[in-house]
Amino acid sequence: EEWYDDISDDQGWICFINTLDHVWEEMRATQLQHYVNFGREFNDINWRPYKPKALFKAIDQLVHGEMRRYLRG
1 EEWYDDISDD QGWICFINTL DHVWEEMRAT QLQHYVNFGR EFNDINWRPY KPKALFKAID
61 QLVHGEMRRY LRG
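Every letter in the sequence shown is one number past the one before it in our numbering, and letter 16, counting from 1, is 16.
Rather than coming from a laboratory, the hints here were simulated on the basis of the structure.
Treat the hints with care, as some may be off.
Distance ranges between label pairs, derived from CB positions [claimed, not checked]:
| # | residue 1 | residue 2 | range |
| --- | --- | --- | --- |
| 1 | Q61 | D10 | 16 to 22 Å |
| 2 | W3 | A29 | 18 to 24 Å |
| 3 | D21 | W47 | 15 to 21 Å |
| 4 | K51 | A29 | 31 to 37 Å |
| 5 | K51 | E26 | 19 to 25 Å |
| 6 | K51 | D5 | 17 to 23 Å |
| 7 | T30 | I7 | 15 to 21 Å |
| 8 | D9 | D44 | 28 to 34 Å |
| 9 | S8 | R48 | 25 to 31 Å |
| 10 | A54 | F16 | 28 to 34 Å |
| 11 | K53 | E25 | 17 to 23 Å |
All values reported here derive from a predicted model rather than from experimental measurement.
Ideal placement from N, C-alpha and C gives every residue a C-beta, glycine not left out.
Taking the hints into account, I'd like the entire structure generated from these sequences.
Dropping the structure here:
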């Protein structure tokens, strides 16, 4: 929660990509979706060909698109 508070002040976000299903389910069960972005829409990202700035931009588009994790609750 403190990490979330620190980054949200600057319009930032936290995102876990390519998590295993059991990890995603456990994180959801502990209500982490209120603080970080994760889930199936972030699990199919082939991050290896991206340069860091391009990867950030691609994930940022997912985070700020219609698939916001906290809106899905």
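Hint by hint, here is what the structure shows:
The hint said 16 to 22 Å for the Cβ distance between Q61 and D10, and at roughly 18 Å that hint holds. At roughly 19 Å, the beta-carbon separation of W3 and A29 lies within the given 18 to 24 Å, and the hint holds. As the Cβ distance of D21 to W47 is approximately 18 Å, the hint placing it in 15 to 21 Å holds. About 35 Å separates the C-beta atoms of K51 and A29, a value consistent with the hinted range of 31 to 37 Å.
In this structure the supplied range 19 to 25 Å is violated for K51 paired with E26, their Cβ-Cβ distance being about 31 Å. Look at K51 against D5: about 30 Å separates their beta carbons, and that is not inside 17 to 23 Å. At roughly 19 Å, the beta-carbon separation of T30 and I7 lies within the given 15 to 21 Å, and the hint holds. Checked against the hint of 28 to 34 Å, the C-beta distance between D9 and D44 comes to roughly 30 Å, which is consistent with it.
At about 29 Å, the beta-carbon gap between S8 and R48 stays in the expected band of 25 to 31 Å. A54 and F16 have their C-beta atoms about 19 Å apart, which leaves the hinted 28 to 34 Å range violated. At roughly 31 Å, the beta-carbon separation of K53 and E25 lies outside the given 17 to 23 Å, and the hint is violated.
Comparing the model with each earlier hint shows violations of hints 5, 6, 10 and 11; every other hint is respected.
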